Amino acid sequence: MSRSMNDDWMEVGKLAEIPPLGSRVVQIPDGEIALFRTSDDQVFALRNRCPHRQGPLADGMVHGHRVTCPLHNWILELESGEAVAPDVGCAPRYPVRLQGDVVYLSLRPATGCEEKSAA
Amino acid sequence: MKERLVLIGNGMAGIRTLEELLRLEPDKYDITVFGAEPHPNYNRILLSPVLAGEKAFDEIVLNGRDWYREHGITLHTGAPVTRIDRVRRQVHAADGTEAPYDRLLIATGSDPFIIPVPGSDLEGVVGFRDIQDVETMLQAAARYRRAVVIGGGLLGLEAANGLIKQGMDVTVVHLLDTLMERQLDRPAAELLKGSLEQKGMKFRMQAQTEAILGQERVQGIRFADGSELETDLVVMAVGIRPSIGLAEQAGLYCERGIVVDDTMQTYDPRIYAVGECVQHRGQCYGLVAPLFEQAKVCANHLAELGYGRYQGSVTSTKLKVTGIDLFSAGDFLGGGDSEELLFQDPAGGVYKKLVLRDNRIQGAVLYGDTVDGAWYFQLMRSGTDISELRSSLLFGQHHLGDSGHGGQNQASAMSDDAQVCDCNGVCKGDIVAAITGKGLFTVDDVKAHTKAGASCGSCIGLVEQILESTLGSDYSAPETKPLCSCTDFTHDQVKATIRNEHLVTVRQVFDKMAWRTPDGCHVCRPAINYYLLAAWPEEAEDDPQSRFINERVHGNIQKDGTFSVIPRIWGGRTTPQELRAIADAAERFDVGEVHFTGGQRLNLLGVKKQDLPAIWSFLSEHGLVSGHAYGKALRTVKTCVGSEWCRFGTQDSTGLGIRLEELTWGSWMPHKFKMAVSGCPRNCAEATIKDFGVVCIDSGYELHIGGNGGVRVRATDVLCRVTSEEEVLEYAAAFTQLYREEARYLERTAPWLERVGLNFVRERLVDDEVGRKALYQRFLVSQQRSQQDPWKARAGGEQGYEFEPLKQIGA
Ligand code: SRM
Ligand SMILES: Cc1cc2nc3c(=O)[nH]c(=O)nc-3n(C[C@H](O)[C@H](O)[C@H](O)COP(=O)(O)OP(=O)(O)OC[C@H]3O[C@@H](n4cnc5c(N)ncnc54)[C@H](O)[C@@H]3O)c2cc1C
Ligand code: SF4
Ligand code: FES
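Here the protein sequences line up with chains W and V, keeping their order.
Just so we're aligned, residue 1 is where the first sequence starts under the numbering used here, counting upward by one.
Just so we're aligned, residue 120 is where the second sequence starts under the numbering used here, counting upward by one.
Calculated directly from the structure, the hints in this document are not laboratory data.
Fair warning: this is a prediction, and the values are worked out from it, not measured in the lab.
Wrong hints could be hidden among the right ones.
[Stated by the list, open to error] Computed footprint of chain V on chain W, listed as stretches where at least three residues anywhere in the stretch have a Cβ under 8 Å from a Cβ of chain V: (1) 27 to 37; (2) 51 to 63; (3) 90 to 98; (4) 106 to 112.
[Said to hold, decoys possible] Chain V stretches covered by chain W per the calculated footprint, using a threshold of three residues with CB under 8 Å from any CB of chain W: (5) 639 to 653; (6) 919 to 929.
In this text, a Cβ means the ideal position worked out from N, Cα and C, and glycines have one as well.
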């Protein structure tokens with residue numbers, strides 16, 4: 001099984017540990033990654049900082065394949081990290097893989113979104 | 120294969136229906152449109168400005184030919200349909216085209232009524248309905264000088280105004296002795312006539328047309344009294360007739376219009392009808408706002424969502440003659456048991472009349488100053504009790520003062536750089552640019568694109584006014600707004616369904632009410648979760664994922680992602696032990712700041728999320744519980760020292776405050792809820808700006824309701840006086856429960872009370888003792904499950920996943 005995983009992938013927990021329509025945080029040395037579980041039992045990962053003013057996305061509300069930031073209600077697409085129009089911005093996205101009920105996360109952010117504002 | 124939808128009538132209502140349908144179900148139908156006119160769909164309303172030379176035809180086209188192409192719609196212009204074959208389900212057009220249908224939509228509009236007098240078929244006699252008519256008039260204006268417009272109603276006056284602008288000498292002929300009698304009372308009509316005369320318009324009042332004179336082309340007109348008037352053009356604007364010939368011939372049941380039910384279906388369920396050709400609940404409409412509402416419902420059914428219902432519309436009128444401000448709505452004549460509020464300034468050319476019944480606006484006529492038309496119309500449609508506003512109502516909304524009064528000042532008088540939204544710094548010019556540049560039609564659109572009104576919402580009224588002044592009569596504020604963009608249902612419909620259908624989970628609501636989104640959104644989920652808990656306190660399970668983060672983790676999220684912790688200080692009275700515990704907690708968890716709140720308690724700010732269970736555990740060991748400072752729930756019960764200490768105190772206000780707080784804490788509400796008890800009318804606890812306030816008096820207690828500070832300050836109304844603490848508690852609980860059952864989510868007691876009226880609450884609480892006791896009992900039942908300290912539960916490990924990282928990687 002783990003043969004199919006390349007070196008980037010890291011086991012972070014079980015699907016059941018993330019509540020449906022909820023999220024959990026994985027702490028990494030330079031910050032946090034938020035894992036979201038949607039109602040169709042997919043898992044997505046974004047950097048836990050809203051492109052607007054760094055709101056903790058993991059504290060937001062998940063609906064469809066989207067999350068609403070808790071601070072000022074920006075809505076981000078979980079699949080791309082892009083803010084839903086008319087807002088503009090993007091949270092870096094991390095690849096996630098589900099094998100059975102085990103969640104694997106890659107710590108190498110997917111390309112396509114440069115984090116706008118530095119810390 | 121796709122189903123086939125055929126639309127007869129390429130006009131405003133029909134095409135709006137298609138637009139709504141394409142938004143819901145873009146791929147469901149193969150669509151074919153037949154239009155009698157040779158043009159794509161244009162904005163008929165703006166024919167008047169085209170006639171007046173203020174706009175070109177290109178500028179009023181709503182859907183150009185490429186719109187039809189982009190959506191794969193087959194368009195036949197200049198092709199009136201001549202026959203509907205209901206057996207074969209086909210339509211036949213004059214140019215020989217045939218089209219089969221699975222569903223048919225009839226939107227043939229109406230025809231101008233041409234008075235059947237001799238000569239009405241002469242050249243130079245026209246109606247005022249389409250671009251063809253306008254062209255005929257423009258050609259006449261280029262060659263001839265004199266024109267007669269028959270009909271002194273809205274259309275007639277707009278036509279006359281346009282022809283004057285084109286240089287003609289125009290006489291308006293009217294059967295009655297006042298103009299626009301269906302929209303105006305006599306004083307307003309007189310003022311209007313005066314202003315139009317100043318623009319050069321002439322009038323023949325109380326004149327009945329007997330014949331139109333001329334050989335080939337019109338040369339004059341003769342009245343019943345034998346007098347004659349020379350003219351080169353006659354415009355008939357005496358009314359419209361729903362265009363039902365085609366439907367009648369197909370055997371569809373028609374009266375004045377094609378009769379439809381609340382789903383916009385005719386007697387043949389495959390055939391729908393919308394627009395001016397329709398008769399719904401006995402009413403035919405001649406303005407776009409109701410037609411657009413019909414379009415929405417019809418599209419909903421064509422998309423087979425099956426839940427929209429059209430229930431009729433209330434309309435208002437404006438005259439589009441530059442320089443004349445006129446507004447009319449509802450029953451403006453009054454009489455019977457109604458009252459009138461009047462303002463007249465003939466010299467200033469201003470006239471305002473409001474017709475009231477039971478302190479609610481029934482109708483309005485405004486002339487000269489129409490700035491508040493939208494506001495009155497809104498009060499009228501929402502049935503707001505205006506007894507509080509009576510004395511200042513006629514002076515308009517801006518008279519109510521500035522700060523926070525909903526902000527609905529004179530939008531049209533504002534300059535472009537005037538700030539509308541103070542939260543997000545959005546100016547009027549930004550909003551106007553977005554409306555015109557991006558083609559926005561609704562407040563939600565404006566919110567999304569400019570952020571105006573997206574924060575505290577106090578400027579929404581102003582945004583609505585700007586929309587209205589920018590879009591003109593195209594904009595009509597929705598009467599009752601849908602809960603959010605996931606549904607067309609209103610708060611009240613959702614609440615009623617939850618109760619009637621005995622729904623107990625958010626998911627059941629989504630399924631039953633055909634939500635458009637899989638899991639709703641951050642707007643509807645918390646509302647539904649609340650409605651479920653309020654309706655079925657013993658059965659509905661709270662859904663943490665449908666709560667905003669503050670209520671999910673029982674603290675207030677801060678801008679940096681930390682949380683604040685405010686323990687309950689019962690009735691504002693504390694002890695050295697409690698203070699010591701709070702001080703110790705602050706030190707032990709290294710909180711950023713300790714702040715005395717405006718609600719007589721202490722706020723520990725800047726607590727890290729993962730420390731929350733531990734700090735709660737510590738506080739809990741020292742007897743402190745959650746203060747719900749984060750929740751749509753009971754917040755504080757503010758008290759003064761009262762008769763225990765104060766030389767003026769009449770009752771034990773502190774003790775009563777504590778009892779009130781013990782009774783009501785933990786209860787979930789539509790919005791936050793604050794109480795106060797003052798020991799005497801000096802009112803040091805500010806009980807008169809609380810949701811429920813008690814002012815102690817010598818003989819007992821005066822109960823106050825519906826106040827708040829905040830964005831829009833509102834002082835309370837007095838509910839009644841009682842003599843014992845037991846009664847105060849019963850009234851407090853019953854009032855809270857009434858509010859919990861009746862108000863909409865995120866509606867605080869103040870706006871709720873203004874919506875339903877003080878009398879409603881008095882009837883339920885004061886006049887109806889049995890009802891009050893029943894409310895009290897229902898409140899106690901609901902409290903049995905909600906009075907559990909959430910901090911203690913979480914300190915004990917409940918929902919621990921909220922506070923712990925799933926995994927820690929690296930150091
Ligand atoms: C902590 C406190 C300020 C303080 O340090 O004194 C406070 C803090 C906040 N208030 Fe307040 N309000 C506080 C007393 C008040 C008062 C005064 C009072 O209660 O006597 C008012 C005006 C009175 C009233 O409500 O009628 C007040 C009117 C508001 C409003 C406007 C409400 C309105 O109906 O217009 C909001 C916005 C809202 O709730 O939507 C608000 C919202 C907020 C929020 C929750 C903003 C937010 O959503 O994050 C603030 C949270 C700060 C934090 O992180 O803790 N706060 N807020 C006070 C807490 C009192 C307590 O002990 O629980
Ligand atoms: C000059 C003027 C000013 C107005 N000003 C206002 C205003 O300020 N505010 C307001 O709210 N309303 C105003 N109105 C009214 C508004 O324009 C109408 O209520 C609205 O256009 C009606 O929409 P509809 O789709 O029902 O009819 P229409 O827009 O008339 O569309 C019906 C279409 O069906 C076509 N048709 C008819 N029979 C057939 C057939 N057998 N086959 C194929 N096609 C057919 C017609 O040619 C027409 O194009 C105004 C109207 C006019 C004429
Ligand atoms: S007034 Fe209230 S909401 Fe505004 S900054 Fe102060 S605490 Fe926050
Ligand atoms: S920080 Fe996310 S919306 Fe403002």
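Now for the hints, and whether the structure bears them out:
Chain V is given as covering the region 27 to 37 of chain W, and this holds because 5 residues of the stretch bring a CB closer than 8 Å to a CB of that chain, at least three being needed. Given a C-beta distance limit of less than 8 Å, the hint that chain V covers the region 51 to 63 of chain W holds, as 9 residues qualify and 3 suffice. Chain V is given as covering the region 90 to 98 of chain W, and this is violated because 0 residues of the stretch bring a CB closer than 8 Å to a CB of that chain, at least three being needed. Counting residues of the region 106 to 112 of chain W whose CB lies closer than 8 Å to any CB of chain V gives 1, so the stated coverage by that chain is violated, three being the minimum.
Counting residues of the region 639 to 653 of chain V whose CB lies closer than 8 Å to any CB of chain W gives 4, which reaches the minimum of 3, so the coverage claim holds. As drawn, the region 919 to 929 of chain V meets chain W at 7 residues by the rule of a beta-carbon pair under 8 Å; at three or more, the given contact holds.
Violated hints, in rising order: 3 and 4; the structure is consistent with all others.
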